[in-house]
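Chemist: In case you want the letters, here they are:
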Amino acid sequence: MGCCGAKELKSHFLDEAVDLSKMDSVIAKYKEVKGSLITILQYAQETYGYLPMSVLEYISGETGIYSSQVYGVATFYTQFRLNPVGENLIMLCKGTACHVNGADNIEEAINEELGIKNGETTDDNVFTLNNVACLGCCSLSPVMMINGETYGSLTPQKTKDILRSLRKATLAQREGN
Amino acid sequence: MKVVVGLGSCGIAAGARKVYDVLKDEVKNNRLDIDLEITGCVGMCHLEPIVDIYDENNNLERYVKVSGDDVLGLVHKALAKEEEGSHKISAVDEEALGKQVRIAIENCGIINPERLEEYIERGGYEALKKCLTEMTQEQVIEEMKESGLRGRGGAGFPTWFKWNAAYREKSTPKFMVCNADEGDPGAFMDRSILEGDPHRLLEGMAIGAYAIGAEEGVIYVRAEYPLAIKRLEIAIRQAREAGYLGKKIFGSNFNFDIRIKAGAGAFVCGEETALIASLEGERGMPRLKPPFPAQKGYWGQPTNINNVETFANVPWIIRKGGAAFAAYGTDRSKGTKVFALTGKIKKGGLVEVPMGMPIKEIIYGIGGGILNDKKFKAVQMGGPSGGCIPAHLEDTTVDYESLGKVGAIMGSGGMVVMDDSTCMVSMARFFLDFTRKESCGKCIHCRLGTKRMLEILERIVDGKGRPGDIELLESLAVEVKDGSLCGLGQTAPNPVLSTIRYFRDEYEAHIHDKKCPSKSCKALIRYDILDNCIGCGMCKRSCPVGAITGEPKLIHKIDQDICIKCGKCYEVCKFDSIEIR
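Protein chains in written order, with the numbering used here: chain A, 1 to 177; chain B, 178 to 758.
Derived from the structure by calculation, the hints contain no laboratory data. Only a predicted model underlies this, so the values are computations on that prediction, with no experimental measurement involved. Note that the Cβ used here is the ideal one computed from N, Cα and C, for glycine as well. Keep in mind that the hints are not guaranteed to be accurate.
As the list claims (entries may be wrong) - Covered, in the sense of this in silico footprint (three residues per stretch, anywhere, with C-beta under 8 Å from a C-beta of chain B), are these stretches of chain A:
no. : stretch
1   : 38-48
2   : 74-85
3   : 102-115
4   : 139-147
5   : 159-170
Model the full structure from these sequences, guided by the hints.
Modeler: In structure tokens form, the structure reads like this:
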């Protein structure tokens, strides 16, 4: 990606130096299997926590898939993110049942408590908020999922309490290290 | 004694994992004579975590809303044959379960999804054996035709017709694809089947593959369903080891294997051609049909795609015969359908009922009625592609034709109940926001039309609606429908059209009177303190912006210029002294 459009594009994303060799085994495995781009990208995100630009370029170079195509696929699907996330990823369900049962109030409570909106990360890198379409736990709505744990029947106050105790735990762990 | 803990996603979210862990430790530490098993979701999400205890005579006692703290007491009482009443499932809930007819989810919440033997015990893989040893491909398709099974993913296309089209194609290889990319927000029946009875899907796919002559199967499943993927992987491994997948299955000349492909999150991938593009590692964008996937699908080869629930019906149909399936339902909508009953409902969860059951029977008879006994306003059927059915049409029956007549669709079976506190304009805005985000961008009418419609709806709920907005929405809706290639764009305006059709007065109130009749649109309501305020000060203390003033024991007052309408005062007031106008 060397053209001026690509440079403009890159300026929007953090591009850390990462260990590209971590991708070699999966690229070797899928290089000759056509239609594997999404699988490779999923592996990359699992490895780095997000998709760094350098990794996208590396995948393109190694597989021969055009970088525009790699970028196109990486930005098409909601699962992929091109910027890193905080230590705790809040997935707030905005499905129909949660909407009917007040998910907007929960989002407001999160905004109030953390000062971040959908897609943003707190300055201390403790939380990232991502709104998602449906977590499939509709009868517990409104629901959010943090680090794989589901919290149901939320109220604004309950949400704030959960976030506060998580922040405390995260910061304590950091100090411990 | 056997103890079974329901470990579906919803059960786990409600705390079932802890219940299981506590029990596991207890059994291990005290060497209790208990077979501890897990199972999927039985569909009664409002009662989770659920623990089933079978005594030595295999009599079932079901306990609900069990927590990690009280499960031990419960199990020890059962061991000692003492009566335990506090967690037993109520007769009403048992009865609600009895009103259902379970075909697609007959094993969910009963068998351990991670054990092949339990599936076999309940007749598993018998249907596949019957197909491979006794039936020709045409006979399988004929049986499906007699059953009248139609696609459960949304469009309701006859399954046998698709199979027949793929069967008639000469080109090989052919592919059998399962669409497990359940994207409708508010529907989770496919997840429940994947988590609760994965072998059933494999068997259904194998039967379909035999009928059309495919040797390779792919399950396209949402990456957001990690537990479903894990259980599918286990099931596929077990089926291979037992010879239900692989070469020369049941000694026949039929070879078939299945692999999993994790989708990456895109609602549009529910559309067949978009799903195929995604399988091929591309952006999931639909293309023009024909050629249909049955002619040119995955890698240009004949491909058949069905959704999870459709496949889950297949083994039952083969075992019991197409006529037995067709005995349920209506004239043109045969069999049963699983619905995800959610929203403002007392007993939300999964219900499987014969087609043709009236909506009110599902809501009141099975769902127990509206949450907090409020007034039933409408039910949204078919998610973002569907429409709402207002309370006065509660006698409408659930079948493809009746739902279509009132402007809704069967869709994948999402059924979101709304009470009189739900604003229908805001609901339409919610769905348009969803479809706008999920539009793949290929067709201009869908890409821009949904955005323009959303902007109009946003200004209406913001109190800035203009005269003529309703008509503008209606004309845009027609254009978006006409100008879109795939189902997403063609159905995206449905929630707007159906809310206008049944709740036009609400739109008019927003636009002309600047009022939200449901008192939920923030820009159009105000909070006021009534004369019966005793001046306790609760509201004043809870107000985050300091908008409330007043001396103790005197009537307080809200400064409307400062108030952000968060509703906290309304929530904390114990004397009903705060009114929303």
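Chemist: Of the hints stated earlier, which fail here?
Modeler: Hint 5 is the one this structure does not satisfy, whereas the remaining hints hold.
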